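Taken in sequence, the protein lines are chains A and B. Numbering follows the working numbering, with no gaps: position 39 of the first sequence is 39. Numbering follows the working numbering, with no gaps: position 84 of the second sequence is 84.
Hints are not guaranteed to be accurate.
What the hints assert, rightly or not - Only pairs whose alpha carbons sit at most 16 Å apart, straight line, appear in this in silico EDC-like list of lysine to aspartate or glutamate:
no.: 1; chain 1: A; residue 1: K83; chain 2: A; residue 2: D63
no.: 2; chain 1: A; residue 1: K15; chain 2: A; residue 2: E85
no.: 3; chain 1: B; residue 1: K49; chain 2: A; residue 2: E85
no.: 4; chain 1: B; residue 1: K49; chain 2: A; residue 2: E68
no.: 5; chain 1: A; residue 1: K78; chain 2: A; residue 2: E68
no.: 6; chain 1: B; residue 1: K58; chain 2: B; residue 2: E71
If you are wondering where the hints come from, they were derived from the structure by calculation, not from laboratory data. Since the model is a prediction, treat every value here as computed from it, not as a measurement.
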Amino acid sequence: EAGVAQSPRYKIIEKRQSVAFWCNPISGHATLYWYQQILGQGPKLLIQFQNNGVVDDSQLPKDRFSAERLKGVDSTLKIQPAKLEDSAVYLCASSPAGFGVDQETQYFGPGTRLLVL
Amino acid sequence: AQSVTQLGSHVSVSEGALVLLRCNYSSSVPPYLFWYVQYPNQGLQLLLKYTSAATLVKGINGFEAEFKKSETSFHLTKPSAHMSDAAEYFCAVSVDSGNTPLVFGKGTRLSVIA
Numbered sequence: 001e002a003g004v005a006q007s008p009r010y011k012i013i014e015k016r017q018s019v020a021f022w023c024n025p026i027s028g029h030a031t032l033y034w035y036q037q038i039l040g041q042g043p044k045l046l047i048q049f050q051n052n053g054v055v056d057d058s059q060l061p062k063d064r065f066s067a068e069r070l071k072g073v074d075s076t077l078k079i080q081p082a083k084l085e086d087s088a089v090y091l092c093a094s095s096p097a098g099f100g101v102d103q104e105t106q107y108f109g110p111g112t113r114l115l116v117l
Numbered sequence: 001a002q003s004v005t006q007l008g009s010h011v012s013v014s015e016g017a018l019v020l021l022r023c024n025y026s027s028s029v030p031p032y033l034f035w036y037v038q039y040p041n042q043g044l045q046l047l048l049k050y051t052s053a054a055t056l057v058k059g060i061n062g063f064e065a066e067f068k069k070s071e072t073s074f075h076l077t078k079p080s081a082h083m084s085d086a087a088e089y090f091c092a093v094s095v096d097s098g099n100t101p102l103v104f105g106k107g108t109r110l111s112v113i114a
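Required output: the full structure, derived from the provided sequences and hints.
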């Protein structure tokens, strides 16, 4: 079974530029998460999708961050304009949904490492 | 709200020695608890999880953790460290079986000395 795919793996941009990250979850997983991991800290949730609907985006800085999951499969996270403090690893995770399945376990992709100069 | 505290940002052990990584949680409802491992430039890999069944949980690579409600702890142990265990370890909590976000601790970096 293929894991969670993310691209690009690395990105370097200058502040005020825009950037987009892509995530393809494990096939059949209805729930998708984006986490931000700043150096030296644990991951923190940015947004959670259930199929193509947003479940929780309370910690997403909506003035500059946006995310979508139009067909309930892959997802894109965008930052526009980027700030220096956005330098971090952006992790995508997915989990199955439905009663009786392993829905509490999140499977993580390799992450996208962003450096804002 | 839930929270996780990992005691010790860096733990160093000798190869073959006991590994003990500490995790305490705070939750107003029965928690689900997880340990993930992160190798350099990689994503997080699940080591083990507690989901209200047995309090002693065995995971991959010889790791295990014990849920102690009275101490609000979920410490990770391994009897004998191997060089390949050197990585960052994260403890996380969620409060529902149904697709709720994880709240992570700050992580503990494990170094293994030959």
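Okay, the hints, checked on the actual structure:
no., hint, in the structure
1, A/K83 with A/D63, "holds (12 Å)"
2, A/K15 with A/E85, "holds (9 Å)"
3, B/K49 with A/E85, "violated (32 Å)"
4, B/K49 with A/E68, "violated (30 Å)"
5, A/K78 with A/E68, "holds (9 Å)"
6, B/K58 with B/E71, "violated (19 Å)"
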